[in-house]
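Protein chains in written order, with the working numbering: chain A, 1 to 484; chain B, 1001 to 1191.
By construction, these hints were calculated from the structure, which means they are not laboratory data.
Some clues are possibly wrong.
Result set (DSS-like, lysine-lysine): computed pairs, CA atoms no more than 30 Å apart in a straight line [what the hints assert, rightly or not]:
hint	chain 1	residue 1	chain 2	residue 2
1	A	LYS177	A	LYS90
2	B	LYS1188	B	LYS1169
3	A	LYS264	A	LYS90
4	B	LYS1055	B	LYS1169
5	B	LYS1169	A	LYS112
6	A	LYS111	B	LYS1169
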Amino acid sequence: MSHVRTPAVAAPGRNIRPAHRGLWALTMVLFLLGGAALFAEPRFPPPDFESGHVLPETTTPPARAVWLEYLDIAVLAGGLIAATYFIYRKRSRTGLVALSIGSILYFGFWKKGCVCAIGSVQNVTLALFDSGYALPVGALAFFVLPLAFAVMWGRSFCAGICPHGALQDLVLLKPLKVPAWLEQGLGILPYIYLGAGVLFAATGSAFIICQYDPFIPIFRMNGRVAMVVAGIALLLLGVFVGRPYCRFLCPFGALLKIGSVVSKWRVRVTPDYCTQCRLCEASCPFGAMRLPSPGKAADAAAQAADRRRLLIAVVLLPVLIGAGAWLGWAFAGPASRMHPTVVVAEQLLRAQDQPPRTGVLTPEDRELDRVRQNPRQTLTEAMGIRRQFNIGTPIFGGWVGLVIAIKLLSLALHRRRTDYEPDRGDCFSCARCFEYCPNELVRRGVLPASAIPPMNPAPAPQVPAPAPFTVAASACGCAGKEGA
Amino acid sequence: MNPTDSKTNPGQVNRRQFLRDGGRATAVASLGGLLGMVLGRSQAEGYVWQIDPSKCVYCGNCATHCVLEQSAVKCVHAYAMCGYCQLCTGYFEPEPNALNTGAENCQCPTAAIQRTYVEDPYYEYTIDEDLCIGCAKCVDGCTRFGNGSLFLQIRHDRCVNCNECAISKVCAGDAFVRVPASQPYLLKTQH
Ligand code: SF4
Ligand code: SF4
Ligand code: SF4
Ligand code: SF4
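With the hints as constraints, model all of the structure from the sequences given.
See the structure below:
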């Protein structure tokens, strides 16, 4: 569509003939002169009061103090360290709950949830693509620190620092199991959302991740009705479905997931070794628990089917990417209308031959009047943005294809697993499953050592069982990362 | 307690392990690269949003598009620019029935402008920010027919400093800019 439309935007700009151009220049000069003459002096000179009336000052309530931004960064760093400590050393859910409450209060209600790590993806993208944009150091820290922790320790940020995650975590009362097909299907949404967020931030069109953030209005306790309702609805859903935003939408979570799949350390259910007692099997409310593979014989039986699926996925990979790119290219035009300059440029072209509206002016009329003073500039800008979209939307489409293909690949790949263990990517490090493990209860002194069920099937080795560093089945987006 | 990857069964430092280490190296390198690229463009001081009053075309979107229920944009008054007119074109409708404070004569839909007598024939106009919704009706009247001493500003005691100001995307005058947090206002001083 766009390739049809682009010339339509372009033509009038190019077709301003020299004669017209002269006319334009003349108009502009006259306008500027007129304006200057008009505004050089006040129409009604300020009075000299005889009564000695003193002019009031125009008040300027200050913005949030600069040092508070550094305080935020310090709290973030301290929180990440504390969360990691609670997950790995203390293995304490209580500690994480305390942290969650703290971060809901600090990052949520006090700081009003903004600028957050989730939105910072867009700030960083904009800084990459727009040299005129000064990236606040706070936004940069909120982007880098959680990711740096993720490649070392997994999602410590999600465990108790992210106010969005903490809020959903605390309302989770009656977790229901999401069917596997739905879980897998919805699991690719965060990557698509991330791609869209990056596309629109890179083109300077909009920060959609901020615009459609469901929880910020709750933290502000203020906002447009639709968004407040959406936020409350999502929270109500979160009572039954563990962290719906985190699992099926959060674009920063998508990045953290990639990071934690390759992380150096991982969260394990047991502090010692897995006795295969199955007590933790259903403990994870986020569908992150992975079971040991059924054994060599079953593996072999499934192999043929897996091979076929793998082959299909590999063949589909380029097809999906190509199809996505093509679709993206076809939708470059509509997508570019997310940018206000493109919208006004189109209005400008449509209203070209009509005289300026008079009477009661709508905001659109006024905007049109403004760009009419320098239509060339607006049209040139709009054309530039269109060109960016002609490149950006195919890349975005290809990304969507890639994400789907990797999801298919990961479903076809079966990894051998010997223990019960949380999926590296899907685990929010919430520490819920720890308490299900008898070994953990022994560690805490709740159970005597004799209470541990006998090892099943193999006898317990002295050393901790070899940690099986498997990527779990739902490792969407990570296979590509690993291969890279 | 925290078995690291290196504690894996020494006999099979497996392929998966190798891939993961490689993946982590890639992830760290790309994060570092990204950091290097944007660090030059980062700025120690934060930014806040503000309206450039010379670009505002008084479209009214400020009243309706702020993420807050009552907009953080308010009308402010540069008193030194004001003519203290008896017939204030910001205060009164274009053709008022009478020069009094009756609502039917006033521009402001919320009666946020207070008109106080100073001395003959001068009146002072003050904005009650709790009432003002930032609709710019008075700004329109004052700028087009008066001295232009009324103008809109984002008030930072109310603004929550959105990552991206919601009004900035719909502003008919394309008047929204980011300004350093230490100088958060763009006040009008001359016409
Ligand atoms: S997935 Fe996203 S919203 Fe959820 S805790 Fe992590 S960063 Fe926050
Ligand atoms: S930054 Fe947010 S709160 Fe402030 S004026 Fe803009 S929309 Fe309103
Ligand atoms: S007319 Fe609008 S902008 Fe002016 S004081 Fe009233 S509410 Fe505020
Ligand atoms: S949206 Fe822009 S043009 Fe409209 S009233 Fe606000 S600042 Fe002025």
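Would you list, in rising numerical order, the hints stated earlier that this structure does not obey?
none
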